[in-house]
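**Q** In this text, residue positions in the sequence shown follow the working numbering: the first is 2, and each later residue adds one.
These are computed hints drawn from the structure, not numbers from a lab.
Where hints are given, some of them may not hold.
[Stated by the list, open to error] DEER-style ranges, computed between Cβ atoms:
1. GLN38 <-> TRP78: 39 to 47 Å
2. PRO125 <-> ALA157: 19 to 27 Å
3. VAL162 <-> VAL186: 15 to 23 Å
4. GLN38 <-> ALA193: 30 to 38 Å
5. ARG142 <-> LEU115: 29 to 37 Å
Just so it is clear, CB atoms sit at the ideal spot from N, CA and C, and this is done for glycine as well.
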Amino acid sequence: MTLASFITYAGALAVAAAIPGPGIAALVARALGSGFQASLFMATGLLLGDLIYLTAVVLGLALVAQTFGGVFLIIKWLGVAYLGYLAWCFWTRGITAETIEATKSRGGFLTCFLSGLTITLGNPKTMIFYLALTPTLVDLRTVTVYDYAILALVTAAVLGVVLIPYLVLAAKARSLLKAPHALKVLNRIAAAFMGGAAVAIATRSA
2 MTLASFITYA
12 GALAVAAAIP
22 GPGIAALVAR
32 ALGSGFQASL
42 FMATGLLLGD
52 LIYLTAVVLG
62 LALVAQTFGG
72 VFLIIKWLGV
82 AYLGYLAWCF
92 WTRGITAETI
102 EATKSRGGFL
112 TCFLSGLTIT
122 LGNPKTMIFY
132 LALTPTLVDL
142 RTVTVYDYAI
152 LALVTAAVLG
162 VVLIPYLVLA
172 AKARSLLKAP
182 HALKVLNRIA
192 AAFMGGAAVA
202 IATRSA
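Please put together the full structure from these sequences, using the hints given.
**A** Right under this line is the structure:
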């Protein structure tokens, strides 16, 4: 894998992780209700869920790539179409504000960790990113064990950079996620990134 591939993957993951969804809503709710430490265990569970998806994609699709090279050409253009659709949706309709309600932690830190893991494994946004978009961002036919290790580290670093500020600023997160101006800026940034990624993937040699 090239440095450009790692950077592209990191950028796409950062945008996908930052967009408010079930994981962010649950994480902020945990931070508001139970404090930073409990929410940090939940964030660790979210991270493990992402690594499970990443591992499944690298192992499963890499095997497919060895036999069916044409499959990735189809996946590439499906990914381009999906990114273009997301860009259009973000620009025209945008991301709706999340309703976040503080919930008190029931059980110990293990409960927080497991709840984060199950939320990620059942999150459609996470499934779409790893199963549909990652194969268009990363050439899985050339991924080595060393590349996988870097991808795992990049995943952990990006999610840490994105999620921890949500926890630290949990007291302000409720108003931020509902502010029309903040959501409009997030919509525009997401639309521009998704559109640019679609163009980059479409023009990249197969």
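**Q** For every hint, state whether the structure bears it out.
**A** So, going through the hints one by one against the coordinates:
| no. | hint | verdict |
| --- | --- | --- |
| 1 | GLN38 <-> TRP78: 39 to 47 Å | holds, 45 Å |
| 2 | PRO125 <-> ALA157: 19 to 27 Å | holds, 22 Å |
| 3 | VAL162 <-> VAL186: 15 to 23 Å | holds, 18 Å |
| 4 | GLN38 <-> ALA193: 30 to 38 Å | holds, 36 Å |
| 5 | ARG142 <-> LEU115: 29 to 37 Å | holds, 35 Å |
When held up to the earlier numbered hints, the structure conflicts with none and fits them all.
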